[in-house]
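Protein chains: 2
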Amino acid sequence: MASPTTDPPVRQDAVFAALASPVRRAVLTLLRERGAQPVHVIAAEFAMRRPSVSEHLKVLLACGLLTETRHGRERHYALRPEPLREVAAWLTPYEQFWRQRLGALDALLAEDLDDGAPGEEGDARDR
Amino acid sequence: MASPTTDPPVRQDAVFAALASPVRRAVLTLLRERGAQPVHVIAAEFAMRRPSVSEHLKVLLACGLLTETRHGRERHYALRPEPLREVAAWLTPYEQFWRQRLGALDALLAEDLDDGAPGEEGDARDR
DNA sequence: GCAACCGGTAGGAATCTCCCTACCCATGTG
DNA sequence: CACATGGGTAGGGAGATTCCTACCGGTTGC
Numbered sequence: 001m002a003s004p005t006t007d008p009p010v011r012q013d014a015v016f017a018a019l020a021s022p023v024r025r026a027v028l029t030l031l032r033e034r035g036a037q038p039v040h041v042i043a044a045e046f047a048m049r050r051p052s053v054s055e056h057l058k059v060l061l062a063c064g065l066l067t068e069t070r071h072g073r074e075r076h077y078a079l080r081p082e083p084l085r086e087v088a089a090w091l092t093p094y095e096q097f098w099r100q101r102l103g104a105l106d107a108l109l110a111e112d113l114d115d116g117a118p119g120e121e122g123d124a125r126d127r
Numbered sequence: 001m002a003s004p005t006t007d008p009p010v011r012q013d014a015v016f017a018a019l020a021s022p023v024r025r026a027v028l029t030l031l032r033e034r035g036a037q038p039v040h041v042i043a044a045e046f047a048m049r050r051p052s053v054s055e056h057l058k059v060l061l062a063c064g065l066l067t068e069t070r071h072g073r074e075r076h077y078a079l080r081p082e083p084l085r086e087v088a089a090w091l092t093p094y095e096q097f098w099r100q101r102l103g104a105l106d107a108l109l110a111e112d113l114d115d116g117a118p119g120e121e122g123d124a125r126d127r
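Protein chains in written order, with the UniProt record's numbering: chain F, 1 to 127; chain C, 1 to 127.
A portion of the hints provided could be inaccurate.
It does not matter which identical chain is meant; a pair holds if it fits inside one copy or across any two.
Result set (SDA-like, lysine to any residue): computed pairs, CA atoms no more than 25 angstroms apart in a straight line [to be verified]:
#, residue 1, residue 2
1, Lys58, Ala17
2, Lys58, Phe97
3, Lys58, Arg80
4, Lys58, Trp90
5, Lys58, Val41
6, Lys58, Gln12
7, Lys58, Arg32
8, Lys58, Phe46
9, Lys58, Pro93
10, Lys58, Ala14
11, Lys58, Trp98
12, Lys58, Gln37
13, Lys58, Ser21
Hint data in this document are derived by calculation from the structure and do not stem from the laboratory.
Could you build the full structure based on these sequences and the hints that come with them?
Next comes the structure, spelled out in structure tokens:
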């Protein structure tokens, strides 16, 4: 049980998968705009039964995008933005690409890099 | 074929879903670092058969994260970062949330570090 | 206590994902 | 022309996703 501040790499998959659903993105938007809300308020926003919303909340909770607080018989879910910060961090190295991309310039650069690639082998993983 | 520069809202789903696979994120990383590459070079990086890699490339191509160029009998795939810019744009309204929280954490850490002597031990704060 | 309310779990059907093995077409090269 | 190389498509199987209808355990109010 030692994982003080590190984030397991499996988390990134779960966060992106969670964000792939429009319902779940809408839940995050709702909580961002209105703050913590109980389930029945969240569920009222969607054309779907409460158990399905509950499942979506479970997915968001499991990947750390939500926190849960018990208030009597209600459970309030609130946005937890840290995983989104990690997504932003993952995007960082790509920023320069969309910044400088105003023509076929990067295609030329790509060809150049392609030509002069030395032999560093073996890590094509992301992190 | 009827949306030259506009972005249908359905695209966001596809982009996040594409990014949910570690294989596809690794493809993007590879193309970012080495520029455009033919399929057999990309496929050599993964412990999977070429048709599967081909499917992954099709997914990335379909959501606009890749461009395809024919060179003889090879097809070169290159990174197309625009959809990632849209992801970054989607993240923007959340930035303030993790900034303020990071600020609070920062203050706590600074206090801890600054205050080397254990005057009062607050051990209830790891996670 | 008893009924209404909040919200999670069980389990099932339709659909999607991800990998595989075959197979096919196109482009080069002897 | 014959054949190797590059790479897409077909279709199938195991497992995950997403919705549903039931159902059940806690809280709150009469």
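Against the structure, the hints:
Taking the shortest Cα distances, Lys58 and Ala17 sit within 25 angstroms of each other both inside one copy (13 angstroms) and across copies (18 angstroms). Proximity of Lys58 and Phe97 under a CA criterion of 25 angstroms is satisfied inter-copy only: 21 angstroms between copies versus 35 angstroms inside one chain copy. For the homomeric pair Lys58 and Arg80, the shortest alpha-carbon distance inside one copy (14 angstroms) is at most 25 angstroms, but the shortest distance between copies (33 angstroms) is not. In this assembly of identical chains, the alpha carbons of Lys58 and Trp90 lie at most 25 angstroms apart whether taken from the same copy (24 angstroms) or from different copies (22 angstroms).
For a Cα distance limit of 25 angstroms, the shortest separation of Lys58 from Val41 inside one copy, 16 angstroms, qualifies, whereas the shortest one across copies, 39 angstroms, does not. Proximity of Lys58 to Gln12 under the C-alpha cut-off of 25 angstroms is found in both arrangements, the shortest distances being 16 angstroms within a copy and 22 angstroms between copies. In this assembly of identical chains, the alpha carbons of Lys58 and Arg32 lie at most 25 angstroms apart only when taken from the same copy (18 angstroms versus 34 angstroms across copies). In this homomeric assembly, Lys58 and Phe46 come within 25 angstroms of each other (Cα to Cα) only inside a single copy, at 16 angstroms, whereas the closest approach across copies is 32 angstroms.
Taking the closest pair of Cα atoms, Lys58 and Pro93 come within 25 angstroms of each other only across two copies (23 angstroms); inside a single copy the shortest separation is 31 angstroms, beyond that limit. Taking the shortest Cα distances, Lys58 and Ala14 sit within 25 angstroms of each other both inside one copy (12 angstroms) and across copies (22 angstroms). In this assembly of identical chains, Lys58 and Trp98 lie within 25 angstroms of each other by CA distance solely across copies; the values are 21 angstroms between and 34 angstroms within a copy. For a Cα distance limit of 25 angstroms, the shortest separation of Lys58 from Gln37 inside one copy, 15 angstroms, qualifies, whereas the shortest one across copies, 39 angstroms, does not.
Taking the shortest alpha-carbon separations for Lys58 and Ser21, both the intra-copy value of 13 angstroms and the inter-copy value of 20 angstroms come in at or below 25 angstroms.
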